[in-house]
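Taken in sequence, the protein lines are chains F and H. Quick note, the first sequence lines up with residues 1347 to 1623 if you use our numbering. Quick note, the second sequence lines up with residues 10 to 286 if you use our numbering.
It is worth saying that the hints were derived from the structure and are not from the lab. In this text, all values refer to a predicted model and were calculated from it rather than measured experimentally. Glycine residues also receive a C-beta, built at the ideal position from the N, C-alpha and C atoms. A portion of the hints provided could be inaccurate.
Only pairs whose alpha carbons sit at most 20 Å apart, straight line, appear in this in silico PhoX-like list of lysine-lysine [claimed, not checked]:
(1) H:Lys24 - F:Lys1372
(2) H:Lys34 - F:Lys1372
(3) H:Lys242 - F:Lys1360
(4) F:Lys1490 - F:Lys1500
(5) F:Lys1458 - F:Lys1412
(6) F:Lys1429 - F:Lys1521
(7) F:Lys1521 - F:Lys1490
(8) F:Lys1361 - F:Lys1458
(9) H:Lys11 - H:Lys72
(10) F:Lys1372 - H:Lys137
(11) F:Lys1361 - H:Lys24
(12) H:Lys11 - H:Lys34
(13) F:Lys1403 - F:Lys1418
(14) F:Lys1367 - H:Lys43
(15) F:Lys1500 - F:Lys1429
(16) F:Lys1372 - F:Lys1361
(17) F:Lys1598 - F:Lys1418
(18) F:Lys1461 - F:Lys1428
(19) H:Lys72 - H:Lys43
(20) F:Lys1361 - H:Lys242
(21) H:Lys34 - H:Lys87
A short, non-exhaustive set of chain F residues, derived as facing chain H with CB atoms under 8 Å [what the hints assert, rightly or not]:
(22) Phe1365
(23) Arg1467
(24) Leu1619
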Amino acid sequence: MPAVLDLDWLEVVKKITRFIKDYVEKSQAKGVVLGLSGGIDSSTVAALSALAIGGDKVLGLMLPEKETYNVKDITHAELVAKKFGLKTETIDITSTLEAFYNSTPVFDPADKLSKGNIKARTRMIYIYYYANRLDTLVCGSSDKSETMMGYFTKWGDVAADISPVMDLYKTQVRKLAQYIGLPKELATKPSSPTLWPGQLAEDELGIAYEKLDIILYGVEHFMKPEEIATQLHVEGQLVDKIKRRWLSSEHKRRMLLTAKLEYRTVGNDFRLLRSPY
Amino acid sequence: MKESFEVALAQISCKQGDKTENLRKMQKFVIKAKKKGADLVIFPELSSTGYVLRDQIYELAEKIPGPLTGVMEETAEKNGIYIIFGMPELSEKTQATLYNTAVLIGPEGLIGKYRKMYLPTHSVFEEKRYFRPGYQTVAVDTELGKIGLIICYDIYFPEVTRLTRLEGAQLIVCISASPGIRRTFFETLTAARAIENTAFLAYVNLVGVEDGLQFWGGSRLIGPSGKVLVQAKYDEEDFIIGEVNYADIRPVETFVPTLRDLRPELFDKLKESAQEL
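Chain F on its own, in the form it takes in the complex:
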């Protein structure tokens, strides 16, 4: 890992667990619920949540479906749950998805992306339903790499009340995962949003996370694309492409937009506290 991405991991754990504990306490929620896919991000967030507020207050929802079912993911999720003492529940969402496919006149199975988004959004509905029923918060698992790339489903996997690792790049989440004792096998497993069979994040992004993260680090630090290319030894065109993708996906990160008409406007210049009471 490049030195600039290597952090004081003990300090990172302290900050994230304090953040989770503080937010749960201030909102007077009974705990958190999160989608537990068996991937690196959700496993890490689940573990950190358990460290922050105790595993008995963390519910990991496993939401597999027929097309992307992978026994390894389930095993990994169970491993994390056992090690960090969190509760889990498994719901096979296949029948819900099929009901949607079958009842939607314009549904086209060949449109992989639109279909995949249904899966992410369906999982979101389950997770929020549990949060409502159990009076808990939804803890998101998005990391900084995929969030900056817009590599997520709008209103889907990114939907959450808090996102504890959103300021860490994927390679940093992997390092953090190992630091807090997640199995190495899990930390080095290729990432996938599991929206269709065989989907791999790095294939879709067209770049390995090791390279992507260092480019994103450069744009984060206001470096010019040509500086990133020469200093970080990556191709200039690739840097341009990443930068364009980052900038053009801002609409997925700032979700309330209206025309400015009046004195103070929602999503614009109302500048309010997150939790005033």
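Using the hints, position chain H against chain F.
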């Protein structure tokens, strides 16, 4: 005037926007400080309201003197102690012009206030959106000697501290709300300001989490040679007491006579160059 005395650094967390609760907490620590034999108790920047206030600040700001300083005056008088705390101040001449102010109250009542001169408006900070900067450095005459007041980001600008020292302050008080990412800067700068001015410097920082920002604490009393005399814990509430003994300044001032060696003509040059930047 007392040549030596005990100073209490009350490193508290605040409830955002809740003056009643924060006032209650400050009063509790004032009583504790008195019991422990302190003559002065210092609270962090904006300790009456919390730091992250956004638009709510307009409802929270008060004139000075006003109801809040009135309560603190009673508290100081009753306990026979000096108190320094922070609050959003509403200008006496307008209806929505605010200052980020440090207030000094003694057993005899309100004796000084300082309006922050350097308002950070970058990174996570948006102070210029809400505050007007102050135009005057402040050194207040007290029974505990002259006390200079500065606030947080002012410490990056050595001239603020220097001016209070030239006005006769031998104890500089810096109240602060610094998030964790900036800890090393402050740890260096607080010591530097003490050394270059051969003065005591009391730094009191906030702790707690406000809208995701985590304040690092680490409050400290620094001697005129830059030595950290007492230091509070990082990241959690703490209350510590240190001794200020002005006699300690003399040997340092003779050893490294920075004030004797000041070159006034350079300040004209500094002014010119700063204007041309």
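Tested hints:
1. H:Lys24 - F:Lys1372: Judged against 20 Å, a Cα distance of about 10 Å means the pair holds.
2. H:Lys34 - F:Lys1372: With Cα atoms ~18 Å apart, H:Lys34 and F:Lys1372 stay inside 20 Å; holds.
3. H:Lys242 - F:Lys1360: holds (14 Å)
4. F:Lys1490 - F:Lys1500: It holds: about 15 Å lies between the C-alpha atoms, which stays within 20 Å.
5. F:Lys1458 - F:Lys1412: Holds, at about 15 Å.
6. F:Lys1429 - F:Lys1521: holds (18 Å)
7. F:Lys1521 - F:Lys1490: holds (14 Å)
8. F:Lys1361 - F:Lys1458: Cα-Cα ~38 Å, so violated.
9. H:Lys11 - H:Lys72: violated (31 Å)
10. F:Lys1372 - H:Lys137: violated (28 Å)
11. F:Lys1361 - H:Lys24: Cα-Cα ~19 Å, so holds.
12. H:Lys11 - H:Lys34: violated (28 Å)
13. F:Lys1403 - F:Lys1418: violated (25 Å)
14. F:Lys1367 - H:Lys43: Violated - the C-alpha atoms of H:Lys43 and F:Lys1367 are around 33 Å apart, more than 20 Å.
15. F:Lys1500 - F:Lys1429: violated (32 Å)
16. F:Lys1372 - F:Lys1361: holds (16 Å)
17. F:Lys1598 - F:Lys1418: Violated, at about 31 Å.
18. F:Lys1461 - F:Lys1428: Measuring from Cα to Cα gives roughly 32 Å; hence the hint is violated.
19. H:Lys72 - H:Lys43: Violated - the C-alpha atoms of H:Lys43 and H:Lys72 are around 27 Å apart, more than 20 Å.
20. F:Lys1361 - H:Lys242: holds (15 Å)
21. H:Lys34 - H:Lys87: holds (16 Å)
22. Phe1365: Hint on F:Phe1365: holds, closest Cβ of chain H at ~6 Å, below 8 Å.
23. Arg1467: violated (26 Å)
24. Leu1619: holds (6 Å)
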